[in-house]
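Visitor: Sequence:
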Amino acid sequence: MMNYIKKLKGNKAKLPPKANAIEVAFAFIGAFIAISVVAYLTNSYENIFIMGSFGATCVLLFGFSNSPFSQPRNIFFGHTISTFMGLFFFHFVGDYWWSLALALALAIAVMLLTRTVHPPAGSNPVIVFIMGSSWNFLFFPTALGAIIIILIGVFYNNLHKKRVYPNYWI
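In terms of numbering that gives the first Met the number 0, the sequence shown has 162 at position 163, counting the first letter as 1, and numbering is strictly consecutive.
Since the hints were derived computationally from the structure, they do not count as laboratory data. There could be a bad hint or two in this list.
Taking CB as the label site, the calculated pair distances span [to be verified]:
1. N135 with K13: 44 to 50 Å
2. F154 with N2: 48 to 54 Å
3. F138 with V92: 20 to 26 Å
4. A12 with P67: 19 to 25 Å
5. V58 with F154: 15 to 21 Å
What you are looking at is a predicted structure, and each value in this text was computed from that prediction instead of being measured. The C-beta atom is built at its ideal place from N, Cα and C for all residues, glycine as well.
All chains should be modelled from the sequences, with the hints used to inform the complete structure.
Guide: Here it is, written out as structure tokens:
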């Protein structure tokens with residue numbers, strides 16, 4: 000028991016280094032562009048291209064582009080797997096608290112098994128249940144929105160002289 004309590008104090012690691020102003024500005028502009036595009040498309044067409052978890056996707060994609068969580072396969076498959084699990088449980092099991100919990104837990108398990116973990120996508124089953132989403136939500140905004148954000152990330156991140164993005168596609 001005492002060992003467990005000691006763990007709660009943390010391991011006293013140092014904070015990560017501060018980001019320099021150029022990196023902060025670069026991430027700011029990239030996130031602004033990506034969310035502007037999907038928000039504009041949502042306002043201009045009859046389909047939704049944006050969802051809350053895309054904001055966290057932009058944190059990773061433009062702030063931590065080298066992270067495995069930020070790679071295109073993780074962004075696309077993480078979002079689609081998690082949304083699919085939410086939709087499956089919502090439509091075939093029902094709108095119950097435990098159904099939502101199972102959808103989220105299974106989404107995490109499948110992302111881990113397929114090596115497509117994208118932490119922002121963990122909120123997708125919750126979004127599906129809160130909104131009472133139809134199956135179209137898998138395509139609009141999930142798949143198409145993720146593709147748009149990935150493409151912006153590919154072109155924008157490679158404008159930075161010290162970045163090469165992505166590290167891998169598949």
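Visitor: None of the hints should be skipped; say for each whether it holds.
Guide: Taking the hints in turn, this is what the structure says about them:
1. N135 with K13: 44 to 50 Å: At roughly 47 Å between Cβ atoms, K13 and N135 fall inside 44 to 50 Å, so the hint holds.
2. F154 with N2: 48 to 54 Å: Given about 49 Å between the Cβ atoms, the range holds.
3. F138 with V92: 20 to 26 Å: holds (21 Å)
4. A12 with P67: 19 to 25 Å: Taking Cβ atoms as reference, A12 and P67 lie about 20 Å apart, which means the hint holds.
5. V58 with F154: 15 to 21 Å: holds (19 Å)
Figure legend: structure checked against the earlier numbered hints; every hint is met.
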